[in-house]
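Below are the chains, spelled out letter by letter.
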Amino acid sequence: MPMIEINAVSKWYGPQFQVLKDCTTAIEKGEVVVVCGPSGSGKSTLIKCVNALEPFQAGTIRVDGINLADPSTDLPKLRARIGMVFQHFELFPHLKITENLCLAQEKVLGRSRDEAMSRAMSLLDRVGLREHAHKFPGQLSGGQQQRVAIARALAMDPIAMLFDEPTSALDPEMITEVLDVMVELAREGMTMMVVTHEMGFARKVAHRVIFMDKGEIIEDRPKDEFFGTPRSERAQIFLSKILAH
Amino acid sequence: MFTAFDFDVILRSLPYLFWDGMTFTLMLTALSALGGLVLGTLLALMRLSNLPILGAVATGYVNLMRSLPLVLVIFWFYFLVPYIGQIITGAERPVLVGGFASALITFTLFEAAYFSEIMRAGIQSIPKGQVSAGYALGLNYRQVTSYIVLPQALRNMLPVILTQAIVLFQDTSLVYVLSITDFLGAASKVAQRDGRLIEMYLFAALVYFLISFAASRLVRHLQTKTAIIR
Ligand SMILES: Nc1ncnc2c1ncn2[C@@H]1O[C@H](COP(=O)(O)OP(=O)(O)O)[C@@H](O)[C@H]1O
Ligand SMILES: [Mg+2]
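For the record, the sequence lines run as chains A and B. Under my numbering, think of the first position of the first sequence as 1, with each following residue one higher. Under my numbering, think of the first position of the second sequence as 1, with each following residue one higher.
Any given hint could be a false lead.
Partial selection, computed: residues in chain A whose CB lies under 7 Å from chain B [what the hints assert, rightly or not]:
#	residue
1	Pro-76
2	Phe-86
3	Val-108
Just so you know, these hints were derived from the structure itself, not from any lab. Positions of the beta carbon are idealized from the N, C-alpha and C atoms, including for glycine.
All chains should be modelled from the sequences, with the hints used to inform the complete structure.
Right, here's the structure in full:
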């Protein structure tokens, strides 16, 4: 059974605009899948559908065998098991770093203060930010904030991680520090769905690459095949554009 | 020309003015600001909710309150509240409600309309990604609202909220229509009793001005200190 199973998913904004067209794919446990494609092709929308942050009108999505559309599914509980990292970090600016990491652990998982705190500190250690634990997010650089955001997601002990362009809001010199954390995570066997244009990351750790355009999954192939001979013309053009520099 | 004035009357009535009058005014201001903020926040959440009925009720309430003169509402409630109390408690006669309680209820209900607009703007100023991040961590609506949205909205809106409270501080003087002894009421009673209208009203104006002015300076100072670093 795949960890994430997306089956014939379609989504409309309003009556006219179809943002996702019959998308089907599956992500196995421990698999790392990179999703790429032109801006506006529906990558963010698809990834948000996976943890039910966006509703969809047709098709089914199952996470760990649980059908999102089933009315009896406890969505907050399911979301707590899926980590998500956003383009703009979305740390809570009014809370210290430690509180950012502890809030959901305590309120959702019911962990004690001590438990939550020790988990938070060990994750901050892991992303190399222990000494910043008592600062506020605004006092950190973009790269540091995104590493905290990854730690915050990991603090919930997720079964899978979703990344939506985690490095595209960062200054170039900070991209590596975030990718390093993600590479390590991938090598530890975390199930990951990563929207990114960092093809270096894809080459290094991805098992498969999905290429989207205009709401459709155009290609969904093992990494080596995708980079070797992209079948569709649209993917070829896209690749040549982003690999050109 | 000031020889005809008797400024000593102010000195003589100071304990009465401040101990009786100003205490009432400040209590009324603080409690109705707090009550108005709580009720206003609920109204704002109703207006922003996905349930059209809740939104319509809140919008109707806010529009109603904003299109009535405050003096009228004060009057109205003073005469109405005892009967509402009678209906609620099922008593045989109208429930006796003191001037303070009546004024507090009135100002709370009235201010709620204004605070709801402030809080609505505050809530809408929170980036949508913050809410998504909360949900993505498994928090539910209540938790996202109380731990993520409202603290930031309150913080962002604090200067506006306090400025509204300063306006409220001045507006509480309207309870004079109920012959209640707030600060202005106290000053006015002394003025009538001793025939010292000019002295007392000048003094009252000065006190309102000084307090409001000092408070708004404080708010401006606070504004620079509480801004959330993004
Ligand atoms: N809330 C929305 N309402 C209407 N259209 C939207 C909304 N969110 C996104 N879109 C549109 O859906 C399309 C796909 O958006 P998105 O999934 O963010 O693309 P990507 O992440 O691939 O750049 C875009 O054309 C965008 O303008
Ligand atoms: Mg996007």
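Could you work out which earlier hints the structure fails to respect and list their numbers in ascending sequence? none
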